[in-house]
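First to last, the sequence lines map onto chains A and B.
Here the first sequence is numbered in the numbering used here, starting from 6 and rising by one per residue.
Here the second sequence is numbered in the numbering used here, starting from 768 and rising by one per residue.
To be clear, the hints were calculated from the coordinates, so they are not data collected in a lab.
Any given hint might turn out to be false.
Stretches of chain A that chain B covers, calculated by requiring three or more beta carbons in the stretch to come under 8 Å of a beta carbon on chain B [said to hold, decoys possible]:
1. 26-40
2. 48-60
3. 84-97
4. 104-114
Here are some, though not all, of the chain A residues that point toward chain B, as calculated from beta-carbon distances under 10 Å [stated by the list, open to error]:
5. Asn12
6. Leu16
7. Ser17
Quick list of the computed label-pair ranges, beta carbon to beta carbon [unchecked claim]:
8. A:Gly46 / B:Phe863: 27 to 33 Å
9. A:Ile23 / B:Glu836: 46 to 52 Å
10. A:Leu80 / B:Phe787: 41 to 47 Å
Values in this document were obtained by computation on a predicted structure and should not be read as measured data.
All C-beta atoms in this analysis are idealised placements derived from N, C-alpha and C, irrespective of residue type, glycine included.
Listed here are the chains, written in short residue letters.
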Amino acid sequence: QKEVEQNSGPLSVPEGAIASLNCTYSDRGSQSFFWYRQYSGKSPELIMSIYSNGDKEDGRFTAQLNKASQYVSLLIRDSQPSDSATYLCAVNVGGGADGLTFGKGTHLIIQP
Amino acid sequence: DVKVTQSSRYLVKRTGEKVFLECVQDMDHENMFWYRQDPGLGLRLIYFSYDVKMKEKGDIPEGYSVSREKKERFSLILESASTNQTSMYLCASSLFRDSRHNSPLHFGNGTRLTVT
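Can you make the complete structure from the sequences, with help from the hints?
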């Protein structure tokens, strides 16, 4: 069974703080991991991709991957109200290249 | 920038109608995908294609078919629309696939289909 799990939230974080979003996946064979941001009524837009264990930083965003524990996380530093959105974790569950399996998303609210 | 264009933003159809959703990408990507997104169920893969005239079933292909006659175009077909196919439909493309890794998906703006 393909499973990508996220806490649905809402996750409320004060402006300027660090937002931490987590995702777990079921299959140890998974190799490709992505974070997408989706505003209400809009399509998902790619924030980060990560393929190897460890941290990957891009501006205010850091993706963290731990394949042994089967989790991937996204940290947003200096959170802004414009970061309020639903964040989707996507995984090529099973390691195949045949599309991504998405979590149901975490709704993040940044409080001014 | 990758551009994935879906032909309609909103569509209203009657039960039993044949419905075509069109998607075009302009970056010569190999792979194209159709997802639907529903509240509480998230994004679910309907069909995908990694080459012209190739198609593969995703997780929920029932009631749908697809066509990929040209590399840049991927069409989703609802042979006989039903009310449970009311949803947001998202087309996506990606550059490559190998035996282990995926390149990121780039999404179109979505088509909100209502079947009455």
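Quiz prompt | Residues of the segment 48-60 of chain A with Cβ under 8 Å from chain B, three needed, outcome | solution = holds (count 6)
Quiz item: Given as covered by chain B, does the segment 26-40 of chain A meet the bar of three residues or more with CB within less than 8 Å?
Solution: It holds, with 3 qualifying residues against the three required.
Quiz item: How about the segment 104-114 of chain A: do at least three of its residues have a C-beta closer than 8 Å to a C-beta of chain B?
Solution: holds (count 7)
Quiz item: With a cut-off of 8 Å between beta carbons, are at least three residues of the segment 84-97 of chain A near chain B?
Solution: holds (count 3)
Quiz item: Taking 46 to 52 Å as the hint, is the beta-carbon distance of isoleucine 23 of chain A and glutamate 836 of chain B inside that range?
Solution: Between isoleucine 23 of chain A and glutamate 836 of chain B, where Cβ atoms are some 48 Å apart, the hint holds.
Quiz prompt | Distance restraint evaluation - glycine 46 of chain A, phenylalanine 863 of chain B, Cβ atoms, bounds 27 to 33 Å | solution = holds, 30 Å
Quiz prompt | Hint status (Cβ of asparagine 12 of chain A to nearest Cβ of chain B, threshold 10 Å) | solution = Since the shortest Cβ distance to chain B is 13 Å, the answer is violated.
Quiz item: Does the Cβ distance between leucine 80 of chain A and phenylalanine 787 of chain B fall inside 41 to 47 Å?
Solution: Since the Cβ atoms of leucine 80 of chain A and phenylalanine 787 of chain B sit about 42 Å apart, the hinted range of 41 to 47 Å holds.
Practice problem: Mind checking the CB of serine 17 of chain A against every CB in chain B and telling me if the closest is under 10 Å? | Solution: Since chain B brings no Cβ nearer than about 20 Å to serine 17 of chain A, farther than 10 Å, the hint is violated.
Quiz prompt | Given hint leucine 16 of chain A near chain B, where the shortest CB pair must fall under 10 Å | solution = Nearest chain B Cβ about 17 Å off; hint violated.
Of the numbered hints given earlier, the model fails hints 5, 6, 7; all others are met.
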